[in-house]
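Novice: Note that this note's numbering has the sequence shown beginning at 111, numbered continuously upward.
Just so you know, these hints were derived from the structure itself, not from any lab. Remember, predicted model here, so these are calculated numbers, not experimental data. Think of the CB as a built atom: it goes at the ideal place given N, C-alpha and C, for glycine as much as any other residue. Any given hint could be a false lead.
[As the list claims (entries may be wrong)] Now the in silico label distances, taken between C-beta atoms and shown as ranges:
hint	residue 1	residue 2	range
1	G150	G199	37 to 43 Å
2	L178	G207	18 to 24 Å
3	R151	P231	24 to 30 Å
4	K138	H218	19 to 25 Å
5	F119	D153	40 to 46 Å
6	L124	R151	34 to 40 Å
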Amino acid sequence: MDPMLTTYFAYMLLSVGLTIWVGRTLHKNGRAFLVDVFAGRSDLADSVNHLLVVGFYLINIGYVALALKTAQKPFDMETAIELLSTKIGLVLLVLGGMHFMNMIVFSHLRRRAMREVAPPPVPPQARIPVRA
111 MDPMLTTYFA YMLLSVGLTI WVGRTLHKNG RAFLVDVFAG RSDLADSVNH LLVVGFYLIN
171 IGYVALALKT AQKPFDMETA IELLSTKIGL VLLVLGGMHF MNMIVFSHLR RRAMREVAPP
231 PVPPQARIPV RA
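Build the full structure now, drawing on both the sequences and the hints.
Specialist: Here it is, written out as structure tokens:
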């Protein structure tokens, strides 16, 4: 079999498989975090969690498809494995980057939600009368 065809097949199989595994892991384990971010509203958390996974799949599988093309053509199994490892490494970096971007965004959302329900830093000491 042609080394280039083998590399394409292995790249797509590994990349899509890794993307699905990471997406499912994030979906399963991210639910509790999102319920906390959305103040116990599990319906909203589940909805956002599902939308995030769909976006995650679209972006990452789109990147995998775009990164399939290469100017470097492997002529033997050694160069095919080197090309494959480079491409899989880039996919893993993109997956990790997407994960950290999501964590940063939801960390900010959580902090904002916690500030809204947090008690004031100092208890009030007096009341100001309202003028009519």
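Novice: Which hints, by number, does the structure contradict?
Specialist: none
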